[in-house]
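Asker: So you can see what is in the structure, the chains are spelled out below.
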Amino acid sequence: MNDHALPSQFDPIIHQPSRLSIMAVLAGCERADFVYLQGATELTKGTLSKHLKKLEEAGYIDIVKSFKGSYPNTSAMLTPTGRKAFKKYRRQFGSFTRLIEAEDS
Amino acid sequence: MNQTVDLDGLTKATRRREFDDGLIDFTVGAGYLVLGILAWFLFSPGGVRWYAIALLKNRTLTLFGLASLAVLILVGARGARRAIDRIRASTTWRVSGFVKPLRMQAGWPTMVLSGVVTLGIIIGASWFMAIGRLGAENALRTLVASSGIATGIVYFGMGVAVGLRRYLAVGLAGGILSAVILFMPLSFSVAWLVLGTIWIIVLGVSGAWALRLTLSANLDSSSE
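Taken in sequence, the protein lines are chains A and B.
Here the first sequence is numbered in the working numbering, starting from 1 and rising by one per residue.
Here the second sequence is numbered in the working numbering, starting from 106 and rising by one per residue.
Be aware that a few hints might be false.
Unchecked claim - In silico DSBU-like links for lysine-lysine, alpha-carbon gap of 35 angstroms or less:
hint: 1; chain 1: A; residue 1: Lys53; chain 2: B; residue 2: Lys205
hint: 2; chain 1: A; residue 1: Lys87; chain 2: B; residue 2: Lys162
hint: 3; chain 1: A; residue 1: Lys50; chain 2: B; residue 2: Lys205
hint: 4; chain 1: A; residue 1: Lys50; chain 2: B; residue 2: Lys117
hint: 5; chain 1: B; residue 1: Lys205; chain 2: A; residue 2: Lys65
hint: 6; chain 1: A; residue 1: Lys45; chain 2: B; residue 2: Lys117
hint: 7; chain 1: B; residue 1: Lys117; chain 2: A; residue 2: Lys84
hint: 8; chain 1: A; residue 1: Lys87; chain 2: B; residue 2: Lys205
hint: 9; chain 1: A; residue 1: Lys84; chain 2: B; residue 2: Lys205
hint: 10; chain 1: B; residue 1: Lys205; chain 2: A; residue 2: Lys68
hint: 11; chain 1: B; residue 1: Lys117; chain 2: A; residue 2: Lys65
hint: 12; chain 1: B; residue 1: Lys162; chain 2: A; residue 2: Lys88
hint: 13; chain 1: B; residue 1: Lys205; chain 2: A; residue 2: Lys45
hint: 14; chain 1: B; residue 1: Lys162; chain 2: A; residue 2: Lys54
hint: 15; chain 1: B; residue 1: Lys162; chain 2: A; residue 2: Lys53
hint: 16; chain 1: B; residue 1: Lys117; chain 2: A; residue 2: Lys68
No lab work stands behind these hints, which were simulated from the structure alone.
For clarity, every value in this text was computed on a predicted model and none was experimentally measured.
Extracted from the complex, chain B is given alone in its bound form:
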C-alpha cells in the first residue's frame, strides 16, 4: 500500500516550497549586488584611499563604521526574510498554508564540493602566483570567481536535492558566468561588481520566471 505514497515527491515538494514563488531569488540576488557594490567601493583605489584617510583621522570611528556596515547587512538580510514571510502570509501562503524551511537546503555533499572547488581554485592560483606565472591582480580575481563558482555549485546541488530544474539552470549559468571572470582583464574591485551584477541578473530572471508562474497559478485558482 505504501507504494502509493510518493515519499520523495512529498518531501521534495515541501522543500521546494521555499523557492516556488521566486522571492528568495530576488533577495539573494539583491544581496549579491549589495555585496558587489560594497566590495567594489572598498577595494577600488578611491575606496582604499578614503579608508586610509579615514583610519588616519579617526581609527575608532572608521572601524566602528565598518563594523556597523556588517551589522547593517545582517539586519537587512533578516529584514528581507521577515518581509518575505509577511508578503507570503498575506498572499499565497494565507490560503495554502505556512512552511518553515529546513536550514540546510543544499545538503552536506554539495557544500563540501563547493568548498573543495573554491579551495582548489585558490590554491591553484596561489601556486601559479608563487611560480611567477600569474600576477597578483589575476590571483586576487580568482577569489571573486571562485566564490561565484561555489554559489553556482550550491544552486545546482540544491536543484538536484529539491528537484527544481530552475536551479539547475541558475547554478550552471551563474557558475559559468562567474568562471568567465577568471579570464577577463578586470581589477579586483571591478570583478566584485561584475560578480554582483551576474548574480542579480541570473537570480532576477529566475525569480521573475517563478513569480510569474506563481501569480498565474493563483489567478487561475481564484477564477475557478
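Excised from the complex, chain A in its bound form:
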C-alpha cells in the first residue's frame, strides 16, 4: 500500500534494532528457542526477554514454554500477523533504501 513510507512511518515495534533482529531470525524458521535467539541476535538474556515480551504483546510472536527432557525450554515463533508485518516492514525499508540510493546517485 504505502511502499514509500518514511522511517517515522515504519512499524515502531519492528523498527527497533533488537526486535528487528529477533523478527529476522524468526522469519527464517518455524520456531527457535531462547538459546538460539540469544546467540543469533547477540542480546543479553534480560534484553532478549524484554523484547520478546514486547513482540508477544503486539501479537507478532507466540512464546511456547515446554520441557526438553528435564530442562525447561522457551521458544518463540512468528504469528501470521507477525510474518505479515515483517514482510511489510522489509518492503517499506527496501523501498526507502532504494529511494535514498537513487537520490544520492
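Take the given structure of chain A and dock chain B to it, following the hints.
Answerer: Just chain B now, with coordinates in the frame of chain A:
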C-alpha cells in the same frame, strides 16, 4: 540505525542451520538410494516376474505388501528425522539452541521451475516417442533423469535461497549427472539404481564435508 541489522543475513543463517551439519544430506541421499534400489528391483525383469507371480498367487497379500512398503518408507523417513533431532539435541544444538526449520526451504519459484522442467522433459520425450524417434525404453528413462534434474534444480534454488554455496554445487553436480542418464544405454530399472547411486554419492560428499566443518568448529570452540 537499522542499517546495522543484517536482515537477510540473520534470516538466511537461520534457514541454513537445518543444513549446516550435513545430517539432512545423508538422510536424503540414503532415501534416494533406497528408492533407487526398490525401483530397480520392482522394474527389473525378475522383479516384474516376481510381482506377477505374487499377484496371481495372492492378490490381496501382494497389494498389502506393496502398500506396507510405502508405509515403511514413510515411517523410515520420520524415524530418520527423529534420529537427527535426537543427535542434534544431545550434541551441537544442546549448546547452540534449537531451531524448527521452515517446511518449504526452496521457495515457490524453484518448485515451479523444477516442475516445469520435469514436465517439459516428459512431454518432449513423449512427443519424440509419438513420432517414432525415441524408443519406449529411452522415453521411460527420461522419467528417471527428469526426477534427478528436478532434484538438482531444487537443491540449486535452495542454495540461492538460503545462501549455501555447498548446495549450488550439489544442485549442479546432481542435476548434470542425472541428465547424463538420458544419454546412457540403460534399462528403466537400472537407470533408477544409477540415479540413487548418483544422489547418495553427491549428497554423501556434501554431508561429509559439512559434518567435518561442524565437528572441527565444535572441537575448536570446546578447546577454547
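Asker: Take the hints in turn and mark each one as holding or not.
Answerer: Tested hints:
1. For the suggested pair Lys53(A) and Lys205(B), the alpha carbons sit about 21 angstroms apart, so the restraint of at most 35 angstroms is met.
2. About 59 angstroms separates the Cα atoms of Lys87(A) and Lys162(B), which puts this hinted pair outside 35 angstroms; it is violated.
3. At roughly 23 angstroms between alpha-carbon atoms, Lys50(A) and Lys205(B) fall within 35 angstroms of each other, so this suggested pair holds.
4. Using a Cα cut-off of 35 angstroms, the hinted pair Lys50(A) and Lys117(B) holds, with the two alpha carbons roughly 25 angstroms apart.
5. Straight-line distance between C-alpha atoms of Lys205(B) and Lys65(A) comes to about 15 angstroms, which keeps the hinted pair within the 35 angstroms bound.
6. Between Lys45(A) and Lys117(B) the CA atoms are separated by roughly 23 angstroms; this keeps the pair inside 35 angstroms, and the hint holds.
7. Distance restraint check for Lys117(B) and Lys84(A): the Cα-Cα separation of roughly 18 angstroms lies within the 35 angstroms cut-off, and the hinted pair is therefore satisfied.
8. With a C-alpha separation of about 20 angstroms, the suggested pairing of Lys87(A) with Lys205(B) holds against the 35 angstroms cut-off.
9. A C-alpha spacing of about 19 angstroms is found between Lys84(A) and Lys205(B), which places the hinted pair at or below 35 angstroms, so the restraint holds.
10. Straight-line distance between C-alpha atoms of Lys205(B) and Lys68(A) comes to about 14 angstroms, which keeps the hinted pair within the 35 angstroms bound.
11. The hinted pair formed by Lys117(B) and Lys65(A) meets the criterion: a straight-line CA distance of about 25 angstroms does not exceed 35 angstroms.
12. At most 35 angstroms may separate the alpha-carbon atoms for a hinted pair to count; Lys162(B) and Lys88(A) exceed this at roughly 63 angstroms.
13. At roughly 21 angstroms between alpha-carbon atoms, Lys205(B) and Lys45(A) fall within 35 angstroms of each other, so this suggested pair holds.
14. Restraint check for Lys162(B) and Lys54(A): not satisfied, since their Cα atoms lie roughly 67 angstroms apart, outside the 35 angstroms limit.
15. For the hint linking Lys162(B) to Lys53(A), the alpha-carbon distance of about 65 angstroms lies beyond 35 angstroms, and the restraint is violated.
16. Distance check on the hinted pair: Lys117(B) and Lys68(A) sit about 26 angstroms apart at the alpha-carbon level, within 35 angstroms; holds.
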